[in-house]
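J.: Each chain is listed here by its residues.
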Amino acid sequence: MLATKAFPAAHEDLIHDIEYDFHGRRMATCSSDHTVKVWDCDENDQWQCTASWKAHNGSVWRVTWAHPEFGQVIATCSFDRTAAIWEELVGDQAKDGKTQWVRKTSLVDSRTSVTDVKFGPRHLGLQLATCSADCIVRIYEAQNVLNLSQWSLQYEIQCGITCSCLSWNPSLSRMHPMMIAVGSDDPSPGTGGKVHIYEYSENSRKWKRVEIIPVSTEPVHDLAFAPNVGRSYHTLAVASKDLSIFSIKPLGKESLGSGGISKFEMHRVAEFSDHESQVWRLSWNVLGTVLSSSGDDGRVRLWKANYAGKWKCIQVINGNGQKMSTAKDSKIVTVTSSNNQIQRIYEVKPV
Amino acid sequence: MHTSITRKLVNETHNVFVMLQGQVASSTGSNLQSQMVMSSKQYRAILKACSMDLMHMAETCEDEGERESFEDQIQIFEMIQLIWGFCQILFIEVTPDGLLLNQLLDWIKWHFTDGKRLAVDILHDEIPAEHPAYWEAIFRLLLQGEVDSVRKLLSLNTSNQNEAFLSVDELLRKMPQWAHYHHALSAAEFDMKWRHWRDECQRRLEEGHYVAFPNLETLVMVLCGDENVFAEMKDMCGSWYHLLVSKMLYQNPTVRAPDLHHYAEACMEEFTLSGTRMGELDNILLAAIQFDIHQVIKDSSAFLSTGSWWFVSHFTDLLHHCGQLDTQNLAYGSNLREFLLLEYASSLMSHKSLWQVGIDYLDYCSVFGRTYITQFINHMSLDNEKKAHKLLHICEERNMQEEVQTICKVMGMKSLRRGKLGAALSWFLRSRDVTATSKLTERLIMEYSKTGQFEYTDILDNLGPAMFLSNRLTFLVKYREFHKLYESGETNKAASLLLSLLEARLAPRTFWITLFKDATPLLESKEVIFNSGQTYVLMHCLEELRHELDAKTDISQKLTDMEKDKLDLLQLCLTRNLSKAIKAEGTVKTS
Numbered sequence: 001m002l003a004t005k006a007f008p009a010a011h012e013d014l015i016h017d018i019e020y021d022f023h024g025r026r027m028a029t030c031s032s033d034h035t036v037k038v039w040d041c042d043e044n045d046q047w048q049c050t051a052s053w054k055a056h057n058g059s060v061w062r063v064t065w066a067h068p069e070f071g072q073v074i075a076t077c078s079f080d081r082t083a084a085i086w087e088e089l090v091g092d093q094a095k096d097g098k099t100q101w102v103r104k105t106s107l108v109d110s111r112t113s114v115t116d117v118k119f120g121p122r123h124l125g126l127q128l129a130t131c132s133a134d135c136i137v138r139i140y141e142a143q144n145v146l147n148l149s150q151w152s153l154q155y156e157i158q159c160g161i162t163c164s165c166l167s168w169n170p171s172l173s174r175m176h177p178m179m180i181a182v183g184s185d186d187p188s189p190g191t192g193g194k195v196h197i198y199e200y201s202e203n204s205r206k207w208k209r210v211e212i213i214p215v216s217t218e219p220v221h222d223l224a225f226a227p228n229v230g231r232s233y234h235t236l237a238v239a240s241k242d243l244s245i246f247s248i249k250p251l252g253k254e255s256l257g258s259g260g261i262s263k264f265e266m267h268r269v270a271e272f273s274d275h276e277s278q279v280w281r282l283s284w285n286v287l288g289t290v291l292s293s294s295g296d297d298g299r300v301r302l303w304k305a306n307y308a309g310k311w312k313c314i315q316v317i318n319g320n321g322q323k324m325s326t327a328k329d330s331k332i333v334t335v336t337s338s339n340n341q342i343q344r345i346y347e348v349k350p351v
Numbered sequence: 001m002h003t004s005i006t007r008k009l010v011n012e013t014h015n016v017f018v019m020l021q022g023q024v025a026s027s028t029g030s031n032l033q034s035q036m037v038m039s040s041k042q043y044r045a046i047l048k049a050c051s052m053d054l055m056h057m058a059e060t061c062e063d064e065g066e067r068e069s070f071e072d073q074i075q076i077f078e079m080i081q082l083i084w085g086f087c088q089i090l091f092i093e094v095t096p097d098g099l100l101l102n103q104l105l106d107w108i109k110w111h112f113t114d115g116k117r118l119a120v121d122i123l124h125d126e127i128p129a130e131h132p133a134y135w136e137a138i139f140r141l142l143l144q145g146e147v148d149s150v151r152k153l154l155s156l157n158t159s160n161q162n163e164a165f166l167s168v169d170e171l172l173r174k175m176p177q178w179a180h181y182h183h184a185l186s187a188a189e190f191d192m193k194w195r196h197w198r199d200e201c202q203r204r205l206e207e208g209h210y211v212a213f214p215n216l217e218t219l220v221m222v223l224c225g226d227e228n229v230f231a232e233m234k235d236m237c238g239s240w241y242h243l244l245v246s247k248m249l250y251q252n253p254t255v256r257a258p259d260l261h262h263y264a265e266a267c268m269e270e271f272t273l274s275g276t277r278m279g280e281l282d283n284i285l286l287a288a289i290q291f292d293i294h295q296v297i298k299d300s301s302a303f304l305s306t307g308s309w310w311f312v313s314h315f316t317d318l319l320h321h322c323g324q325l326d327t328q329n330l331a332y333g334s335n336l337r338e339f340l341l342l343e344y345a346s347s348l349m350s351h352k353s354l355w356q357v358g359i360d361y362l363d364y365c366s367v368f369g370r371t372y373i374t375q376f377i378n379h380m381s382l383d384n385e386k387k388a389h390k391l392l393h394i395c396e397e398r399n400m401q402e403e404v405q406t407i408c409k410v411m412g413m414k415s416l417r418r419g420k421l422g423a424a425l426s427w428f429l430r431s432r433d434v435t436a437t438s439k440l441t442e443r444l445i446m447e448y449s450k451t452g453q454f455e456y457t458d459i460l461d462n463l464g465p466a467m468f469l470s471n472r473l474t475f476l477v478k479y480r481e482f483h484k485l486y487e488s489g490e491t492n493k494a495a496s497l498l499l500s501l502l503e504a505r506l507a508p509r510t511f512w513i514t515l516f517k518d519a520t521p522l523l524e525s526k527e528v529i530f531n532s533g534q535t536y537v538l539m540h541c542l543e544e545l546r547h548e549l550d551a552k553t554d555i556s557q558k559l560t561d562m563e564k565d566k567l568d569l570l571q572l573c574l575t576r577n578l579s580k581a582i583k584a585e586g587t588v589k590t591s
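Line by line, the protein sequences are chains A and B.
Numbering-wise, full-length UniProt numbering puts 238 at position 238 of the first sequence, and it's gapless, one number per residue.
Numbering-wise, full-length UniProt numbering puts 283 at position 283 of the second sequence, and it's gapless, one number per residue.
Derived from the structure by calculation, the hints contain no laboratory data.
Do not rely on the hints blindly, as some may be mistaken.
Said to hold, decoys possible - Below, simulated DSBU-like cross-link-like pairs (lysine-lysine); rule was C-alpha separation at most 35 Å, straight line:
id, chain 1, residue 1, chain 2, residue 2
1, A, K312, B, K298
2, B, K439, A, K98
3, B, K387, A, K304
4, B, K566, B, K493
5, A, K104, B, K414
6, B, K298, A, K310
7, A, K98, B, K387
8, B, K450, B, K390
9, A, K310, B, K493
10, B, K484, A, K98
11, A, K98, B, K390
12, A, K5, B, K526
13, B, K386, B, K526
14, B, K493, A, K5
15, B, K41, B, K174
16, B, K386, B, K420
17, B, K439, B, K484
18, A, K5, B, K298
19, B, K420, A, K104
20, B, K193, A, K98
21, A, K304, B, K8
22, A, K104, B, K439
23, B, K298, A, K241
24, B, K387, A, K104
25, A, K98, B, K386
26, A, K104, B, K41
27, B, K526, B, K439
28, B, K41, B, K193
29, A, K5, B, K352
30, B, K390, A, K5
31, A, K5, B, K386
32, B, K439, A, K206
33, B, K352, A, K304
34, B, K352, A, K310
35, B, K478, A, K98
36, A, K98, B, K41
37, B, K526, A, K104
Stated by the list, open to error - So, partial list: chain A residues that the calculated Cβ filter (under 8 Å) puts toward chain B:
id, residue
38, F22
39, H23
40, E69
Glycine included, C-beta positions come from ideal geometry on N, C-alpha and C.
Please model the complete structure; the sequences and the hints are all you need to start from.
T.: Structure (structure tokens):
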């Protein structure tokens, strides 16, 4: 059973990003109208806008939530070359249910548009990664998780290629060192593979590039690591001209003196051109078993692997909320926004 | 699936599932097998009950669309029951001698009830023999092996005294049925007996005993197992599997499971030739007859899982425990049974109350269960305290300490957001988060110094050893103790506590002025409470404080004049106390 809800987002321009919070009861949207809005879902499953404010001086590209153990915190990044961190004010709520968000800090190190911002996995503390068109990924850390005004720039990773998106590997296992995948939308094929994978080396205390995915030569719009529920390999989905899913299996370290570089066995497990157009955004469900993708064809597709590891499309949803064809349902909550500034939430529930 | 029925199905089958897992762990051999059969029957019984509920709801339902969906669901349940019953016979309830005709007959009788219903109608009719469906009922019952009912109906026929009828009655009466003989005879002996009987039927038929009554002739042809007549009878069977069982009854009653598929294909052909198309259900049953369990599961997953993994997951689990499934691990990391159970459990997680059942199922998934539980719990919204406590209990049962801490931290933050500092404090303590506790305590301390009032005294008074989690907290508790002592008049104890607080440097520097202020009434009292030694310590502390505050170069933190005055006043108090103390100590008490 597919339940869809549509409600006007009241943004005055294109909505670039929507993110659910950790529990799926709150949502943040950001737009080219420079504002960010926060929405809450009440007991009757109705969404209300509880905050709206001008966040930047340019289009806001992405918004992301931190883990609730740090409080109600979001980060945004924008065309105005900054990324900002916001916290919801503690205290009594105003009578109309609206809450106040304050800027805790602005990160102004980038010289160009900041294209993506993501909080790191929480077992690493409160870390934030941003990537910009100036080819640099910056990793910040909050020194004191209770005082979000103090962030220090810990690492700068030179990617050598203009960055459009990044994703932290959310693996819960402490055996896996920190890993980030960075995608580039550089249009020229001469710059090689557009997906780079970086890993943090404890020995040298630096981020090093460990892989470039050679087959991804088209500009990448979005990429996302799947939550790893105990598998021995990582799964990375890449959205570019079509949708690809890669399996990345760590093979242990090749020790080269003091700094061992991890080796990986990587192969593409799925490639789909069902959208027949550019694929723009990806989102995984909580378990990393279902992937949703949206494309220029105005459709959202859900993908799932069967027990033999073969991926296929299990549902196609039209951008206006109508089901195209049914195959199977699963637990996933997908959110899409379209150019006409209407938000739709698709909740695919088991019947 | 519709909610109340879904919940019933989920909860009741959950109980069966858990019991089954327990029995698998504790029993073996034939004892285990009988438990399996029982579990299988219980599952089917629950399905049947839900089916009946659905039927009832469909009948009383007014909305056309809803009724349609109920009926769709009933159909699916019917199919599931059919498949389950069949597979139970083939894979689970395997008889020692391998003969399964009786079970198959029971299965057919259970699912195809037209014959019986017609018979009941006819019996209630005034002139049964003239009922239009008279012969149809007889044939239907005959094909299901209901020999006694057939005899009864025949006896109602107007010509029942005719020789032909009496002859048929005799044949039917003497028909050997395995159900009656299986205790006494071996399969081979029964087979001989049966062939003997069949030859008798054949003889009488060929001798033309029934020429006058074409229907009787057909009947006896069925008894002889005549191939052609079965082609005519197929409409009475309605489906190829019914035809298969009926044929076996009259052609080969000692058939064994592995041989079934030889006959199955012929039966299917009968139906496909006349234009019926084979649907998914037929494919699944055929795969079962061919003992291709994986195909059964695969097809069932594809066809019957739209909307629910209930059937394939429980079914596969049962087959797995019967040893019928290949247990090797697949590419994704575990076996098929676990895959399906994971899917089923995941599908329950978004339900507002069935998620707990889901977690239970995940406990039985040995490879991925725990991580799935962790992921789900991490993402579960902590709507209220009750749910948080439930989750905490679940985590503690499973020894998931990290998740306990995270939940407590998040709940602490939530309480903080709502301004409920006391609740926040107890959550942070439970999560053993030192930083958050300290920060919160500082806030409490600040509030006290502003308002002079203590809130949350109950929590502070009942902390016990937890207060040592954070220095700040220890201080706050001890400070509260100081106040209590002071109010109850135990001034000496209060004084030494205050002194130890200052000495141990537990208090934040900013709070020292307040502490000194608290000390002032003690200093000013007529009796000597602080002796000289203690007074020296106090003076030392004051000096330290003054020194530190003076050393601050930041203009905004320099002492205001008022504060400077306060410190001077304190100095004065201390000096006066010192003199009092020295005098008191130096005085010899005259008795």
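J.: Hint by hint, which ones does the structure fall short of?
T.: 8, 9, 10, 12, 13, 14, 20, 26, 27, 35, 36 and 37
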